[in-house]
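Asks: Listed here are the chains, written in short residue letters.
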Amino acid sequence: MAAAADEASRPFAGLSDVSISEDIPVEGDISVPVGPSTRRRNDDEFSTLDEPVRETILRDLRAVGKKFIHVLYPKRSSALLRDWDLWGPLLLCVTLALLLQGGAADSDYQGGPQFAEVFVIVWFGSIIITLNSKLLGGTISFFQSLCVLGYCIMPLTAAMAVCRIVLVAGSGTVSFAVRLVVVTASFGWSTFASTAFLADSQPANRKALVVYPVFLFYFVIGWMVLTFSPSQ
Amino acid sequence: MASTNDPFQFQEFEEAGNLLEANRDATTISIEDDEIKPEKQRRAAAFSPDGEDEDPLASDDKTELLSGQQKSVPFWTFEYYQRLFDIETHHVKERIIGSMLPWPGKNFIHLYLRRNPDLYGPFWICTTLVFAIAISGNLANFLVHLGKPNYKYTPEFQKVTIAATAIFSYAWFVPLALWGFLLWRNNKIMNLVSYSFMEIVCVYGYSLAIYIPAVVLWILPYEWLRWCTIVVALCLSGSVLVMTFWPAVKDDHPKIIIAIMSAIVLLNVLLAVGCKAYFFSKPEQALPADISAATDVTKAPSPT
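In the order they appear, the protein sequences are chains B and V.
Per UniProt numbering, the very first residue in the first sequence carries number 1; after that it's consecutive.
Per UniProt numbering, the very first residue in the second sequence carries number 1; after that it's consecutive.
Think of the hints as simulated: they come from the structure by calculation, not from any bench.
All C-beta atoms in this analysis are idealised placements derived from N, C-alpha and C, irrespective of residue type, glycine included.
A few of these clues could be false.
What the hints assert, rightly or not - Across the chosen pairs, the derived CB separations fall in these ranges:
hint, chain 1, residue 1, chain 2, residue 2, range
1, V, Lys93, B, Thr95, 33 to 43 Å
2, V, Lys152, B, Val178, 12 to 22 Å
3, B, Trp87, V, Ser169, 31 to 41 Å
4, B, Val120, V, Leu270, 20 to 30 Å
5, B, Ile57, V, Phe197, 47 to 57 Å
6, B, Phe68, V, Lys152, 29 to 39 Å
7, B, Phe68, V, Ala277, 40 to 50 Å
8, B, Val120, V, Ser169, 39 to 49 Å
9, V, Glu223, B, Phe176, 20 to 30 Å
10, B, Thr56, V, Phe168, 36 to 46 Å
11, V, Val73, B, Ile128, 16 to 26 Å
12, B, Ile57, V, Phe168, 39 to 49 Å
To be verified - Which chain B residues stay away from chain V? Per the calculated CB distances, all over 12 Å, these:
hint, residue
13, Val26
14, Asp29
15, Thr56
16, Arg59
17, Tyr73
18, Leu81
19, Thr95
20, Ala177
Claimed, not checked - Here are the simulated DSBU-like pairs of lysine-lysine, each with C-alpha atoms no more than 35 Å apart in a straight line:
hint, chain 1, residue 1, chain 2, residue 2
21, V, Lys276, V, Lys106
22, B, Lys207, V, Lys106
23, B, Lys134, V, Lys159
Could you build all of it, start to finish, from the sequences and the hints given here?
Replies: The following block contains the structure:
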């Protein structure tokens, strides 16, 4: 009876050995911080409405510049892939198309590519290569791939600028040889840079299938750069 | 007690091949590739039948494979097109080589496609051919007129559009017409062999692969060389096409057979000769320099 009274006086005694051991401290703060402090912190981090326009533009330009440097020293980094943007490719495409103008300008027979043709080749070419890569089972996203392909046109645009400077000096065999060397080197650089970024996203037995269209793309752009002949 | 058949010893592949041939009547090609095995375990449902030949567990893979292939996906989904790109590098290489070296009795579709037609080969071969024709034509024109004082080099970039139209319409509309025709004949004559549209597109696309080296050879301005290469390329690609479509029409009326085969060959010839005539001007010998330069730069002989 003493035992029964004991049991009655401690009705939840059986719970005492339910497994909260005493040497693990259970502590914490279950109050959710509500109030203007959190909201202001979030606004400071993400709102860009209050900053001056110059800072907005400079931030984007800095991002674009950083990616240019990544293309100059291509190593397998994910920075280019993570924060993709299409400003750089647009800038490069417009520059390349403008530099390809003004050649062989007979009034009715323009031999070189028109401005729109360069645009179509660059953008549709990049879209088709991206689609090809995704259909082959690539893990890279659509815009990331467009971004990489667009940024890797930079060596060819630089080669185009060099070619125009060389053509000012003269357009004989020597200048052609110099231009050939420059364009070949930059074509190789473009292909190497873009495959350094894109190669990881494909399984090993399909890498060549993805690299070949990129090779063809930069080859065609290189051909357009090399065959630019100035008006005389 | 120890059997001579040590279970840890490597089993020869012939046993698996014999097992398979007991199951199916198909001829097997052994494709040695180490990468097929892990690929197969990962994606057995959608994998091409080429890899089945080496797998001793073929029955499991086969049921999965058959069930995977019978599930038909509508053509407006991305997955439909992904299935058309389900090939690997060595498959593409084999198919290209197979399209260049026809072997009597070996059907391209049965041997290489094996119910797994792809769109990668036809599309990129056509694109490469378009740019090869445009660039080679440009280079050939430049070499023909090299040294002439009045010649002004132009890149002739507009020819890319024309080349693209010609090649892509050959590679798409001729298979469409052929497929429609074979379908119509199939209704009249019960045929054991029938090809799907994608398989016909695939054959036509790969049969254009021989023209890429031929077009590059046309840069050299020698007429005899150009005609030799065009005849060789026509023979090879024409015979691949004829041997592929022979089983599909051989049960038919003789006149229909002749009509179909000659149409296939004739269209092939038209494409090759038309491209040669339009993009590659003849090296002209005894004409005055300024007249030839002016006429060659501005003349645009239309093939129609």
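Asks: Against each hint, give a clear statement of whether it holds in the structure.
Replies: Verification of the hints:
For the hinted restraint 33 to 43 Å between lysine 93 of chain V and threonine 95 of chain B, the CB-CB distance of approximately 38 Å keeps it satisfied. The beta-carbon spacing between lysine 152 of chain V and valine 178 of chain B, approximately 21 Å, falls within the hinted interval of 12 to 22 Å. Between tryptophan 87 of chain B and serine 169 of chain V, the C-beta spacing of about 37 Å keeps the proposed range 31 to 41 Å intact. For valine 120 of chain B paired with leucine 270 of chain V, a C-beta distance near 28 Å keeps the hint of 20 to 30 Å intact.
For isoleucine 57 of chain B and phenylalanine 197 of chain V, the hinted distance range of 47 to 57 Å is satisfied, since their beta carbons lie about 52 Å from each other. Between phenylalanine 68 of chain B and lysine 152 of chain V the CB atoms are about 36 Å apart, so this pair conforms to the stated range of 29 to 39 Å. The hinted window of 40 to 50 Å between phenylalanine 68 of chain B and alanine 277 of chain V holds, with their beta carbons roughly 46 Å apart. For valine 120 of chain B paired with serine 169 of chain V, a C-beta distance near 19 Å fails the hint of 39 to 49 Å.
For the hinted restraint 20 to 30 Å between glutamate 223 of chain V and phenylalanine 176 of chain B, the CB-CB distance of approximately 27 Å keeps it satisfied. The beta-carbon spacing between threonine 56 of chain B and phenylalanine 168 of chain V, approximately 44 Å, falls within the hinted interval of 36 to 46 Å. Between valine 73 of chain V and isoleucine 128 of chain B the beta carbons are some 22 Å apart, a value that agrees with the proposed interval 16 to 26 Å. Separation of isoleucine 57 of chain B from phenylalanine 168 of chain V is about 43 Å and conforms to the stated range, judged on CB atoms against 39 to 49 Å.
Even its closest Cβ contact with chain V, about 45 Å, leaves valine 26 of chain B beyond 12 Å, as expected for a residue assigned away from the interface. For aspartate 29 of chain B, the condition that its CB be more than 12 Å from all CB atoms of chain V holds, with the nearest at approximately 47 Å. For threonine 56 of chain B, the non-interface assignment is confirmed: its Cβ lies about 36 Å from the closest Cβ of chain V, beyond the 12 Å cut-off. The non-interface label for arginine 59 of chain B is consistent with chain V: the shortest C-beta to C-beta separation is roughly 35 Å, beyond 12 Å.
With 12 Å as the threshold on Cβ separation, the claim that tyrosine 73 of chain B sits away from chain V holds: the shortest Cβ distance comes to roughly 29 Å. With a minimum CB-CB distance of about 21 Å to chain V, leucine 81 of chain B clears the 12 Å threshold, and the non-interface call stands. Every C-beta of chain V lies more than 12 Å from that of threonine 95 of chain B, the closest at about 19 Å, which supports listing it as non-interface. Against chain V, the non-interface label of alanine 177 of chain B holds: every CB pair exceeds 12 Å, the least being about 15 Å.
Only pairs whose Cα atoms come within 35 Å are accepted, and lysine 276 of chain V paired with lysine 106 of chain V is accepted, the gap being roughly 30 Å. Of the pairs offered as hints, the one joining lysine 207 of chain B and lysine 106 of chain V holds, with about 30 Å between alpha carbons and a cut-off of 35 Å not exceeded. For the suggested pair lysine 134 of chain B and lysine 159 of chain V, the alpha carbons sit about 30 Å apart, so the restraint of at most 35 Å is met.
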